[in-house]
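J.: Residue numbers (this note's numbering), protein chains in the order written: chain B, 4 to 254; chain Y, 167 to 371; chain D, 2 to 329.
The reader is advised that the hints may include incorrect statements.
[Claimed, not checked] Which bits of chain Y does chain B cover? Going by a derived footprint, with three or more residues having C-beta under 8 Å, they are:
| id | region |
| --- | --- |
| 1 | 174-183 |
| 2 | 210-219 |
| 3 | 333-344 |
[Unchecked claim] Straight-line distance between alpha carbons at most 20 Å, and here's what the computed DMTMM-like set of lysine to aspartate or glutamate pairs gives:
| id | chain 1 | residue 1 | chain 2 | residue 2 |
| --- | --- | --- | --- | --- |
| 4 | D | 81 | B | 63 |
| 5 | Y | 270 | Y | 303 |
| 6 | B | 142 | Y | 223 |
| 7 | Y | 286 | D | 42 |
| 8 | D | 196 | B | 253 |
| 9 | Y | 286 | D | 170 |
| 10 | Y | 247 | D | 112 |
| 11 | B | 128 | Y | 335 |
[Unchecked claim] Calculated from the model, a selection of chain D residues having no Cβ within reach of chain Y, i.e. all distances over 12 Å:
| id | residue |
| --- | --- |
| 12 | 202 |
| 13 | 209 |
| 14 | 264 |
| 15 | 271 |
For the record, the hints were derived by calculation from the structure and aren't laboratory data. Every value quoted in this text rests on a predicted model; they were computed, and no experiment measured them. Ideal Cβ positions, reconstructed from N, Cα and C, are used throughout, including at glycine.
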Amino acid sequence: MNTEAIKELVYKMADDLLILGHRNSEWTGFGPLLEEDIAFSSMAQDKVGQSWQMYKILHELGDSEPDTVAFMRNANQFHNAQFVELPNGEYDFSLIRHFLFDSAALLRYQMLTESSYTPLANLTKKIKGEAKYHSMHAKIWMKQLGSATEESIQRLQNALDEAMPYALGLFEPSPYEAHLIKDKIFAGEEALQILWQKEVESIIEETQLILPDWNSLIPALGGRNGQHTEHLQPLLDEMSEVFKVDPSADW
Amino acid sequence: MLKSLDPRVNRLNIPLEEAAHAQKNKLDQFETYEVFVQTKEDKPFEHVGIVHAPNEEMAFLFAKEQYTRRGMFCISLCVIKTENIRVSDYSENQKDIYDTFEGKYSGKTTYSFEVFHLIKRGKQHKYEGNVQAKNFEDALLAARDTYPRNKPVLNVWVVKSEDIFVSDEEDQDLWDTLQEKKYRDAIDYRAADKIKAFKEKQHEH
Amino acid sequence: MYGGGNVFERMKATALVDEDPRKLAEFEARIERGEKIEPKDWMPQLYRKQLIRMIEQHAHSEIIGALPEGTWITRAPGFKRKLALMAKVQDEVGHAQLLYAAAETLGKSREKMIDDLITGKSKYSNIFNYPAFTWADSCFISWLVDAGAIVNQLANAKGSYGPYCRALERICAEESFHLKYGHHCVIHMATGSKKQREMMQAAINRWWPPMMHFFGPSDTISVHSEILMKWKVKMASNDACRQQFLDMYVPKIWELGLTIPDKNLQKNNETGQWEYTEPDWDEFKRVINGDGPCNKERLAVRRTAEERGRWVREALLAPKTKYITPLA
Ligand SMILES: [Fe+2]
Ligand SMILES: [Fe+2]
Ligand SMILES: [Fe+2]
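Next up, chain B with everything else stripped away, as it sits in the complex:
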């Protein structure tokens, strides 16, 4: 097995989940209705919980403890796509991001259940039920708000236009694509992106939203290499504020 290739894959998944889970948790108590507040919080917890499991896999591979890895790195050491670090905005942007991210996550997990790397195959089998709910939640909301009032349609459209180039950053190819594919660890970002685009098209079609032309979009790349927007470092500083008071303490 190519450990470097596996690590690259797991790091980017874990970092995506941690950062987006963190962002989504900001909604707790501020949601547009009580029931949705609860549902959104559950999905944020699922994401943070999933990232924790992935950092445990990395720990098994020789890296530091999950808490250290998550709370002590700087922005340039994070491999998440820039998409997940963007501020929440209003519910329109948060919802669109949830839809675009979670439909990709579910497909990714489905692909990984077949992975030749057993820890990842086992984990994705366990969490695909969660991912299924997330994607179901996103779809139902998109269909609702994407064809309801003039305001909701316009808001979602604006959010979609803003989000799309960043969402494509999720599929930024890794230097190890060929290895991962050959060793049947992961079928690759390109394959995933093709499935994802089809999925996104089929949902958007059921709404009054208009999908931008895929070819016209310039993907926001760099996140996988530690290049981030100005939003990530403050997020990390905030997340680790207490932890860093005494990193050796048992909180």
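Starting from the known structure of chain B, fit chains Y and D with the ligands onto it as the hints suggest.
T.: For chains Y and D with the ligands alone, kept in the frame of chain B given last:
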């Protein structure tokens, strides 16, 4: 802008005027859905509460997290719009409400109905079974004639089968959960050892 | 979570005059027998009114109670704390949902209740008008404010109204997680580094006075409170709840080597009662009437959440008119 100790609140950028302004312009009340949960294969669906939702799909989404987010206690979930449930009167404890129904069951099978019983005041309604009848009144009579009543039934809910939105068999994996979800449970927070060690250390000093 | 010292409706001397005496007697006999009242049962107007007010205040306390601890939701140290705090605050929002639902069965819509909250017409537990300065404050809240709430909630769960009791049963089950989680946090702080201990002690010093206010002032004995007790709306006196809380938790705080900022606090072994410095009830009144450190912020946040969520709710309520492109 409102300044808060909560960084999330600061990011909401709440102007001080907005903070002073009040009132929901319109009371945007959704319909309510009654939620029922099945905890084990051999246990009936039991009423757990309501959610507010604009339709049954969303009611299901909401109910899943409001009532079954501690996943291990659910294998199936259903939601029913409150207005679709016909509610009988409540009787006193020890008196069977069915005894107050008059009339003869038609025997017709026009519609299929699902029946829920309340056995004790303060407890939850539980699923009893399915009857065929021509309308709600008739369904109550059918239920009266169908079910054995070892214990008096205090209250009956009847709903057309087609008005029930229930999770599919294949969706059982929605409640699969990681072992690590224990962080939601009290049992995951034992710390007696720490207190003991602390006391011993204090004693030494 | 929830505080005692409910603000009950003032009862007019004539409140029960218009009720049918036969029905009233049946109603009271049912409560006397220990049976629950269910939504469709006959009940005196006063009972309905007081229950709505009490359950509504309780629901508001849960949703507003999510805010002080929410202050630390993005900063919880480590995975386990991060997940637990998210789940804990989420539970509080869930409690609000359950309680609003119980109050709704009495005939007041949820949106009307929320409206009364954000316009300042309804009250919520006073303690949430205080700020959570550090992580240790959130630990204090999770453990001890919730502990206080549990004392109240366990008492109320034995009340007479079926839907409220059922909601409380679910809530109390979750509160046991809150309590253990909070205790776990405080234990780690108190037995941890010097810095952690100092943080924890400072939080206790800040939160003790509002904690003593939490259960409300001593009840004045009146016909009014006697009826509420008889109808099992009010289940225990404010002082009894406060005593129970002190009895259960003061020793647990002391065993961690932490101190409580009240020189007079001690248990009188003859009476079995805790003695303490009388809380400053003027401050309590001042804060409950809007002049606390965070009243404005709490309501502003709630209002903003409502305001900014409006377009979402409107869209969900809109009739589904999917636009179909004309065929020819
Ligand atoms: Fe609470
Ligand atoms: Fe609580
Ligand atoms: Fe609570």
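J.: Compare the structure with each hint and give your call.
T.: Status of the hints after comparison with the structure:
Taking a C-beta to C-beta cut-off of 8 Å, the region 174-183 of chain Y contributes 3 residues in contact with chain B, enough for the three needed, and the coverage statement holds. Coverage of the region 210-219 of chain Y by chain B holds in this model, with 3 residues showing a Cβ closer than 8 Å to a Cβ of that chain against a need of three. By the rule of at least three residues with a Cβ nearer than 8 Å to a Cβ of chain B, the coverage given for the region 333-344 of chain Y holds, with 7 such residues. Using a Cα cut-off of 20 Å, the hinted pair residue 81 of chain D and residue 63 of chain B holds, with the two alpha carbons roughly 19 Å apart.
For the hint linking residue 270 of chain Y to residue 303 of chain Y, the alpha-carbon distance of about 10 Å falls within 20 Å, and the restraint holds. With a C-alpha separation of about 11 Å, the suggested pairing of residue 142 of chain B with residue 223 of chain Y holds against the 20 Å cut-off. Distance check on the hinted pair: residue 286 of chain Y and residue 42 of chain D sit about 14 Å apart at the alpha-carbon level, within 20 Å; holds. In summary, the hint linking residue 196 of chain D to residue 253 of chain B is supported, as the alpha carbons are separated by about 12 Å, within the 20 Å threshold.
Proposed proximity of residue 286 of chain Y and residue 170 of chain D is supported: the alpha carbons are some 15 Å apart, at most 20 Å. Between residue 247 of chain Y and residue 112 of chain D, the direct Cα distance comes to roughly 18 Å. Compliance with the 20 Å bound is thereby established for this hinted pair. Of the supplied pair hints, the one linking residue 128 of chain B and residue 335 of chain Y holds, its CA atoms being roughly 18 Å apart against a limit of 20 Å. For residue 202 of chain D, the condition that its CB be more than 12 Å from all CB atoms of chain Y holds, with the nearest at approximately 15 Å.
For residue 209 of chain D, the shortest C-beta to C-beta distance to chain Y comes to about 19 Å, beyond the 12 Å cut-off, and the non-interface label holds. Non-interface call for residue 264 of chain D relative to chain Y: holds, since the shortest CB-CB distance, roughly 22 Å, exceeds 12 Å. Non-interface status of residue 271 of chain D relative to chain Y is upheld: no Cβ of that chain comes within 12 Å, the nearest being about 28 Å off.
Violated hints: none; the structure is consistent with every hint.
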